[in-house]
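Enquirer: Here are the chains, one letter per residue:
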Amino acid sequence: MKKWIWVFSLLALLTAPALVSAQMPTMESLIGADIRQTCPDPTNLPDTVTIGSLLTLTGGASVFGVSQQRGIQLAIAEINNSAFLGEGVTLEVIFEDSASDNNQAIAAMTKLVEEDRVIAVIGPTLSREAFSADPIAQDAGVVVLAVSNTANGITDMGDFIFRNSLPEASVIPGTVAGAVDQLGIRSAAIIYANDDDFTVSGANVFREAFEANGVTVVAEETYATGDVDFNAQLTNIIAQNPDALAISALAVEAVQIILQARAQGYQGVLMGGNGLNSPAVLQQTGADSEGLIVGAAWNIGSPNELSAAFKAAFENEYGNLPDQFAAQAYTGAWMIASAIRCADSTDSAAVRDALAALEMETPLGFFSFTEDRNPIHDPVVQVNRGGAFAVLGAE
Amino acid sequence: MDVLRSIGITEPVIQFMLVNALLGLSIYLTLYTGMFSLANAGFMAIGAFAGVILTQTFDLPLAVGIAGGAALAGVLAIPVGLPVLRLRDIYLAIATIGFGEVVRILILNFDPLVSGIIGQRVTITGGALGIKGIPKLTETWHLVGFLIAVCYLIDRLHRSRFGRAMAAIRQDEKVAANMGINVVYVKNVVFVLSALLAGAAGAFSGHLTRIISPDGFGFAQAVNILAFAVLGGGASYFGPILGAVVLTGLPEVLRPVREYRGVVNGLILMLVIVYLPGGLISFFPTRRSLQRLRRRLFAPRPAPPA
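Chains as they are written, first to last, in the working numbering: chain A, 1 to 395; chain B, 396 to 701.
Hint data in this document are derived by calculation from the structure and do not stem from the laboratory.
What you were told as hints is all true, and nothing was included just to trick you.
Derived DEER-like restraints, expressed as beta-carbon distance ranges:
1) A:Gly86 - B:Ala544: 53 to 63 Å
2) B:Ile519 - A:Gln283: 40 to 50 Å
3) A:Glu211 - B:Ile543: 54 to 64 Å
4) B:Ile519 - A:Val63: 29 to 39 Å
5) A:Gln267 - B:Gly493: 35 to 45 Å
Here's a subset of chain A near chain B, in silico, CB distances under 8 Å, partners left out:
6) Leu57
7) Asp97
8) Asn103
9) Gln104
10) Ile106
11) Ala107
12) Thr110
13) Lys111
14) Glu114
15) Glu115
16) Phe131
17) Pro135
18) Asp197
19) Val200
Chain B is nowhere near these chain A residues, computed Cβ spacing over 10 Å in every case:
20) Ala33
21) Val63
22) Ala177
23) Thr235
24) Ala350
Just so you know, even glycine gets a beta-carbon here, dropped at the ideal spot from N, CA and C.
Whenever a hint applies, use it, and build me the whole structure from the sequences.
Expert: The following block contains the structure:
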């Protein structure tokens, strides 16, 4: 008798999620509405369309990969519930983990391309994984849409490699120009980790952007990832008395740099790249980061109504607020679906052409690709006002 | 082949297995001589960067890249080995970890260093960005051929006077010295051989992964290499090869279990270490255990008492 109770409760547990999803009403989503207008309902698609997603779900960078996976899953649920690819057509995603390891990224990409025969891959999370794994998809003629790679040269790997993540080279110049425009800075210093490709390329872009805007770089200091004491470097910088201090760092080090710079009495403008684009940085630095200027591809307080809808849906589904990684991944999944809808085909080359020609409203703003498959959309220049990012100049 | 592919062992995975087998053999040599050295990741980095720079910047064929990478690692092993190999056990391990870090940080800061000396900005190792866009020149048959050649040489080494000296030093260094073995010489030569192998493996892997950056050759990689030898078992040179094959293949085979992959992977490794202290190799019969088995099966039965 007891055994039966166990079996029944197990069955109930297993079927409960299936029942819930079966009761979900079909609804039109806000995002993709413009694509529904421009591209007719597809008729040539099979019942299941399979794409892949190569993310770093374990290992050192898993915090980004997990956020991206949630964004993609949310988008896929919306796409299938709104029958975006036509009645009875299901978009399926095969997630593979790269474990933040180049070799595993290569193996996983090979599996997706050669075994699962997906028509497109979203990912990989890290730029170095992309440099290892993307050529496999390019050689096989499978579309890759990067949703977080910001390094130079990602899309140079081939005509099947796209990205919707604004590279630092597109975000930082706008940040610097905005700061110069609004605050009239004339001299600046740069501090960055010299052992991380992301922070090094960020520092290079800062240097060029300062020069382009007529700002003199009076000091440059470096540190190693994992350092906790930046007082020596900051003393050198403050001795030069720059109007602004550009921090090209990841969030953990950025917090200490901000706190220690203010503790040494630095009064100038602080600005940073994507690494500082995190609510955690503001929380942990408190009043010290008031006025911090950070460029970003996406701001949670964006007035864009698709962005607001995404934020609400994400919070409803997962119980926490999305970050930029989730927003870009969510947008990426919708873009792939839109390209499949417009191509009305599961042929990778047709999807590639449709993706290259895609123009749509997204949570990131109005989106299209450049000739070399890099993203075009407006970055936002954010400023910390009382512990939250606001859009600079909009207040 | 299709059976392997269906469980996730695709050609790139086999290639990484072969490269890791070379790395496992490189640490096997030092362990066999009783030296607990973790310098292999550092020598691998030297081989990878030297090899890739030879084929990329100087446009030389892959064979030259491999030979050059291995040779540079081997040559640098001499000045490193002479002072460091005076240490033993855990002290040697710590010193060689230090060597690995020195290599990593030197490669990281190589460009500003050289730029400062020659007075103009140059890009050689690419700093933290590393070198990307490396063509995939390494083929599976290169690796198979190289591995077979290395196995043959190690087999010959074991049967030579030098090989017996290596084993003697592992068992008792002082006794070996008393027997007239030049311990310093043997240890240093083995250290150089190990560096040569690691350097060659690094150059091969650089032409597989298409991008190399200093952070791929840190402490974590040194521990990975050690794991190939420990998990596989040091009873014969087949052990580290087996260890490399299993450690590289297991995460791929386990892809179907999704988010539990890391847990299952770790659990299997733990079980192996606990229940097979001799390593995976103890699954396989040695020549001696085969002889024992044969003796037991075919031994003449004692005649029943009359």
